[in-house]
Amino acid sequence: MTRPVPIPDDSSAEYWAAAARHELRIPRCARCDAYSLPPEAICQHCGSTSPNFRYERVSGDGAVRSWTTVYRATLPGFADDAPYLLVDVELAEQPDLRMIGRLLDGPNSVLHQGDSVRVGFEDIADDVAIPAFVLATEARAR
Numbered sequence: 001m002t003r004p005v006p007i008p009d010d011s012s013a014e015y016w017a018a019a020a021r022h023e024l025r026i027p028r029c030a031r032c033d034a035y036s037l038p039p040e041a042i043c044q045h046c047g048s049t050s051p052n053f054r055y056e057r058v059s060g061d062g063a064v065r066s067w068t069t070v071y072r073a074t075l076p077g078f079a080d081d082a083p084y085l086l087v088d089v090e091l092a093e094q095p096d097l098r099m100i101g102r103l104l105d106g107p108n109s110v111l112h113q114g115d116s117v118r119v120g121f122e123d124i125a126d127d128v129a130i131p132a133f134v135l136a137t138e139a140r141a142r
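One point on numbering: in the numbering used here, the residue at position 73 of the sequence shown is 73, and numbering is uninterrupted.
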């Protein structure tokens, strides 16, 4: 079975279009300038009910907060990929701006809390890419 592909809606279309171009763009509140992922109807930072989120390109650099190894995939389309590592990453642009993604370095990677990562992308279909992460050079040197 093939992996599921995201189905963009009005609030996520720009995110997925950017990912297809291998760009990481995160929604940012027009009122308080804070990033929010995922974007909500009300900005979680300033409480605006009209945050008018705009998607801005971010570096994709971050630090590993936590991780888990998936040995048995329960979602359709992921069984052939197991085992794989999922990492919880705090992006450099803002404290507590977090993403969870697959670590493309492989399931046997040695990780430490705080290891540096950068965004990478998995091309899973024509014009469809999923943000993921790779260990940054200084983390690999350990």
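Hints are computed from structural coordinates only; laboratory data are not their basis.
All figures in this text were calculated on a predicted structure; none of them were measured in a lab.
Hints may contain errors.
Said to hold, decoys possible - Estimated spans, in silico, between C-beta atoms of each pair:
1) 82 x 50: 20 to 30 Å
2) 3 x 46: 35 to 45 Å
3) 52 x 83: 35 to 45 Å
A virtual CB, placed ideally from N, CA and C, is assigned to each residue, including glycine.
Evaluation of the provided hints:
1. Here the CB-CB span from residue 82 to residue 50 is close to 43 Å, at odds with the stated 20 to 30 Å.
2. Between residue 3 and residue 46 the beta carbon distance is about 36 Å. The supplied range of 35 to 45 Å therefore holds.
3. For the hinted restraint 35 to 45 Å between residue 52 and residue 83, the CB-CB distance of approximately 42 Å keeps it satisfied.
Violated hint: 1 only; the structure is consistent with all others.
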